[in-house]
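All chains should be modelled from the sequences, with the hints used to inform the complete structure.
Protein chains: 2
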Amino acid sequence: MSVYTTVSRESLEHWLQGYALGQLIDLQGIAAGITNTNYFVTTTHGRYVLTLFETLQLKELPYYLTLMSHLAKHGVACPAPVADHSDRFASLLAGKPACLVSCLSGADVDAPSAEQCRAVGETLAQMHKAGATFPLLMKNPRGPSWWSRTAQQLYPRLPEDQAALLREEIQYQDAHRFDHLPSGVIHADLFRDNVLLDGNHISGFIDFYYACNDILLYDVAIAVNDWARLDDGEMDDNRARIFLEGYQSERPLEMAERSCWPVMLRAAALRFWVSRLQDLYQPASGELTYTKDPMVFQRLLQAHRQRQDFWLG
Amino acid sequence: MSVYTTVSRESLEHWLQGYALGQLIDLQGIAAGITNTNYFVTTTHGRYVLTLFETLQLKELPYYLTLMSHLAKHGVACPAPVADHSDRFASLLAGKPACLVSCLSGADVDAPSAEQCRAVGETLAQMHKAGATFPLLMKNPRGPSWWSRTAQQLYPRLPEDQAALLREEIQYQDAHRFDHLPSGVIHADLFRDNVLLDGNHISGFIDFYYACNDILLYDVAIAVNDWARLDDGEMDDNRARIFLEGYQSERPLEMAERSCWPVMLRAAALRFWVSRLQDLYQPASGELTYTKDPMVFQRLLQAHRQRQDFWLG
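Line order of the protein sequences matches chains X and Z. Take the first sequence: its position 63, counted from the start at 1, is 63 in UniProt numbering, and no numbers get skipped. Take the second sequence: its position 34, counted from the start at 1, is 34 in UniProt numbering, and no numbers get skipped.
Rather than coming from a laboratory, the hints here were simulated on the basis of the structure. Just so you know, not all the hints are guaranteed correct.
Between beta-carbon pairs, the in silico distance windows are [to be verified]:
#	chain 1	residue 1	chain 2	residue 2	range
1	X	A107	Z	L137	41 to 49 Å
2	Z	L230	X	F191	57 to 65 Å
3	X	H176	Z	G95	30 to 38 Å
4	X	D179	Z	E10	35 to 43 Å
Everything numeric in this text was worked out from a predicted model, so none of it was measured. From the three backbone atoms N, C-alpha and C, an ideal C-beta is built for every residue, glycine too.
Encoded structure:
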């Protein structure tokens, strides 16, 4: 259940006077999402999603909300934040930073088809192209220096073989540089639960709160690692190949990207292996953490290390 | 028929590569609109309206398109222009300035109900409030100096009684100043054919190509003069009153606006009387003009001059 902060009709009605959205009709808590409180808000003008941010601060929001607005303006399917009469996308409600975004149709898909993977790949490439004119910058808080630092704290707590694998992979990644690859705005968390689909049609990418500026290929690797992964942790070659076909139909990979692709798939697996290990061994006190199994990404990393075919055709 | 410029599938497919909208599926000319060429464009991502501007130049478009984008971002129902990969809302297609906007549902209404008038009034007020943070400026090209200048050319061609009425009204308006009233972005042409409705729900205001910065109350007068006018040119008191109720539910008129309201209704009637006389007596050569009856606005002006009740309650 994701309603951590309760919003009263009265306080919402008052807050909505700062918007051009008409009168409040209905307010319904949404039982999904892990970190934030979400409501469906229906007004005389339409239906919106209200998010109250439980951990992000008001001053941290402009990058994410301006990015979503920029992408929506370019026709990339994602929720469009609504600005208030002071031209702000967010302000305090019930003591929390809060925003309204347009309500999308569709639902997330647990077992995507190859065609759905193609559509996600294509839209990811369009997002990368549309992000090229986005003026704000955000460093990736979960890049190589973060995983090295976090690994130092994890080594003493991990079984010997896991610690050895983690140490070896970090050394391997340290020996590779990606600075020469195309960079830009990345979603950085484009897992299956962050895409709303309507059949093969992308209703929208959602949950941009890990978005940042980094290597575009890294974003592709994060997404392929999830969209083409089977329940047993193995990769579905067909879905992976078709995801990449969809991506390359909009943005063909450069030669330098093709050569870095095998390393990048491992980097993307490493990043989520480390964060899940961190959630397991060092849960942030008071943070609403829903621990997911780190083993999935350990196995994926091991499989990538053995892999010969990387689906690039 | 409004397709003055033909767009081929091939040239549109090429042009669409500059957008994040997927592949072209269908292209259909729209048989509505007087000044511009419009097409429905369906891509793998959705449905859009393509406009090719037959008279406006590329450099004149940013005010209008950025305004529509600003209003859409604030939740005011109107078509949202789509930006291309160079972050432009318009560029040349088939030799004409062209843009894509989101496709709205709904249709224009010939005989609006009182509740529809209320909804239009309310949305107009919301548009005025949302326009307060719009940074661009455009002077009204059809203000008092335009109608005085145009009237000078019309006097010799008009019947005696019409020339006398026109001269008298312009003198009357010259004796009144509105500089102390709230100003901002106005639509300036919010007639029944420029609002798409879905029952009592406003799908969108359209055709912002007369929008400019001027007195807000003038915009209200232009709209009331059309939305509450009956076929015989008389005003429907109920529709006028309810339009104003809807407007004031979002932006109550100030005392100074209430006192200027009767003069403003006459100014708004004068403006369209003059432009229709101009279309009739001096049709711009080569311009695609669809002449409308000036007499409607002459009679409306005469009625306003006799009126005692101005529906403000």
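For each hint, the structure was consulted:
no.: 1; hint: X/A107 - Z/L137: 41 to 49 Å; in the structure: 45 Å, holds
no.: 2; hint: Z/L230 - X/F191: 57 to 65 Å; in the structure: 59 Å, holds
no.: 3; hint: X/H176 - Z/G95: 30 to 38 Å; in the structure: 50 Å, violated
no.: 4; hint: X/D179 - Z/E10: 35 to 43 Å; in the structure: 40 Å, holds
Violated hints amount to a single one, hint 3; each of the other numbered hints is respected by the structure.
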